[in-house]
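Asks: Quick mapping for you: the protein sequence lines, in order, are chains A and B. The opening position of the first sequence corresponds to residue 1 in our numbering, with each subsequent residue numbered one higher. The opening position of the second sequence corresponds to residue 1 in our numbering, with each subsequent residue numbered one higher.
Worth flagging that the hints you see were computed from the coordinates, not collected in a lab. Among the hints, a few may not be true.
Stated by the list, open to error - Derived DSS-like pairs: lysine-lysine, alpha-carbon spacing no greater than 27 angstroms straight-line:
no., chain 1, residue 1, chain 2, residue 2
1, A, K359, B, K32
2, A, K198, A, K17
3, A, K20, B, K359
4, B, K198, A, K319
5, A, K69, A, K57
Unchecked claim - If you want the footprint, here are the derived chain B segments under chain A, 3+ residues with CB under 8 angstroms:
no., region
6, 21-27
7, 111-123
8, 141-148
9, 300-312
10, 373-381
11, 393-400
Every residue gets a Cβ at the ideal spot worked out from N, C-alpha and C, and that includes glycine.
There are 2 protein chains.
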Amino acid sequence: MKEDTTIENQVRTLGEKALKASRAISTLSTAKKNAVLETLASLIETRSASLKAVNEKDLDAGEASGLSKAMLDRLALTDARIRGMAEGIRQVAALPDPVGVDLSHYDHGQGFRITKRRVPIGVIGIIYESRPNVTIDCAALCLKSGNASILRGGKEAFHSNTALAALVQEALRAHGVTEDAVIFIPTTDRAATLALLKMDDYVHCLIPRGGEGLIRFVAEHARMPVIKHYDGVCNIFVDSEADLTMATEIVVNAKCQRPGVCNSAENLIVEGRSLQSHLIPIAQALREHGVELRADERAKAALTAAGIAVVAATEADFKTEYLDLILSIKTVDSLDEAIDFIHTYGSGHSDAIVTSNAKTAAQFQGLVDSATVYWNVSTRFTDGFEFGLGAEIGISTDRLHARGPVGLEELTSYKYVITGNGEIRA
Amino acid sequence: MKEDTTIENQVRTLGEKALKASRAISTLSTAKKNAVLETLASLIETRSASLKAVNEKDLDAGEASGLSKAMLDRLALTDARIRGMAEGIRQVAALPDPVGVDLSHYDHGQGFRITKRRVPIGVIGIIYESRPNVTIDCAALCLKSGNASILRGGKEAFHSNTALAALVQEALRAHGVTEDAVIFIPTTDRAATLALLKMDDYVHCLIPRGGEGLIRFVAEHARMPVIKHYDGVCNIFVDSEADLTMATEIVVNAKCQRPGVCNSAENLIVEGRSLQSHLIPIAQALREHGVELRADERAKAALTAAGIAVVAATEADFKTEYLDLILSIKTVDSLDEAIDFIHTYGSGHSDAIVTSNAKTAAQFQGLVDSATVYWNVSTRFTDGFEFGLGAEIGISTDRLHARGPVGLEELTSYKYVITGNGEIRA
């Protein structure tokens, strides 16, 4: 207990520093912020050898503790990844500064003006898992949007994260910006995480980046607003009026182009009347790409009759983000049934319809309650870069504040600035 | 325990209905929504006698249980208040429909278009205290913004709320809109409130309307995002370059015009060098308006020497939302000190500077981290109507999603609608 109180006090001290820093950097010029980012990019490149040496410590410890190959891969800082971090920082520097933009104004009848102005949120806490590049991505995006950040990385990447955070501090110092603008929590004690989640007097927003377990833990314990990204159970509805070639290309692309990411498709929905015309040829193409098919009874019967390998889909399959070359298939008899299926089993991330009927498409895009709703386009495009936001800190499956890709603008708030000449209320 | 489970199941059933209704009404036409509102306004007027009769039951019960006079006053449905409710509904009907508006678009290099479109949030839960008119205000604002709502009113107004909710149902039915679009929880059992707060699978946003105790309770227990309005500890900084007449008018207006509301001033900040030139005459005017003054040592000494009645302010005074004719006075020696004071003691609601120096004003408006920051205007204008938003459901002291007055647009989310011609990701 005593130890926990000590850690909580230490984290609270960091929170107080971050809040103070957030006020200092909220009005920092764009030129100054970009200068810090350019310096950071250069530092990461010139110190690549020592970064890799430090990263070896994490990799050795990870191997000793039995981390999976996939985990070790995520942890590794290769030359390509180090270049990627530096390039990412330069891309953030090149983006327009979202802060200080006047969003709208209203001239009050008594003669004064009310201006809605974009400002930073304040202090953003980020809790993440094993990838060390998240340290740099988040520091850069928060700094460019004028926010102070408190970073709490995973224990597997502790040495790498500490070294990267030290470079951020060096870049801030080089330009006379307070080091407290980016605070890295120097412990991986779980008590530090809990202390961070309780600190709603110092931290205005929490962004968890990692698996579902982490996100649920943060959502449950955080006292401040959380920008969440739950899983991406993305659906594609190929209706009976879909162009077959287009539908096949979109389904294959959405499933196979990069199956391990959140915007890849997990469920294919087809109409009962087009099992022969559409499902069979699409399924053949998917099998040629090595996709395992799991289908409901009607689709399974049609596929089996056509000699296509398929297993029975369970209820759980339709809710699963496989992140793998597996696709569930659902048969429906109407647009409404397809939409109900998406609302029941999807995660509100990215859903698509393929059809040549504009009216059907408009109904689908109007009624499907998801962050991104596609018509005749692959779901794989849900991404901050592809949406023209520049870099993104994640993709929100929430509805408040930010929905879909979270870029620099989504990392801001606003305030009303009112200017008059002595007006009082009657 | 058994009973709680029963209530929780009942509330969950209501949540499921609300979610379903939210999808049905998300694309309702503006004409249909306005027709329901017009009918509701007429019903409230034509049924005013029976509404008052039902309200008597609440008033009698309140008197019997020893409610304060102020509480009983809030509870009473007078003819004027009934007319006010009907007029409020018609004002909401007259406002532009925020739903379906395209906010921006981005043409992707591969030839398809990404449109950011405003959509309802979904299901909004509202927990409120004794004023029955909140039932109508919230139902009208949620319906106009395309959201389903679940209303949980205070037990003191239970009969009045139930009668008003029945009129809402009648208006919905009259136009063939699902009654589940506005659900009134037919119990004031605390277990129902807790069940509502846990239901993040059905309720997308929670808005508590009432005292700080209610808001803290909701913020602590809610699993979904909450739009909060903590207290309004509003500050006015009269700097040494302020026009004295303007400063006096603004301070008197901000404190005295309606002291019981959140945007009235609680703290006056003055510069040490202008205690004689500014504080004394402003304090005299405040005393003439019957304001009790509580001052820090320097201000108190100056006021006492000038024969003006004043008591010593405590640390707690500076953090207190008096909602009464009491004003705390703080002496500072610089703009920075004034801003630090506002960040330490204010609540981030509405803060003002009075000065004729534009540079000082720009610094103040840039650095003060509050929802609304005034220059030479009374803080009393922080209000949805005054800001041109039309009706408001409250004033947010949060930074995410909504800050300051929360009108129809703040009750919406957005989604990305993407339309193309078979584009896939390379």
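Asks: Which of the stated hints cannot be reconciled with the structure, identified by number in ascending sequence?
Replies: 8, 9
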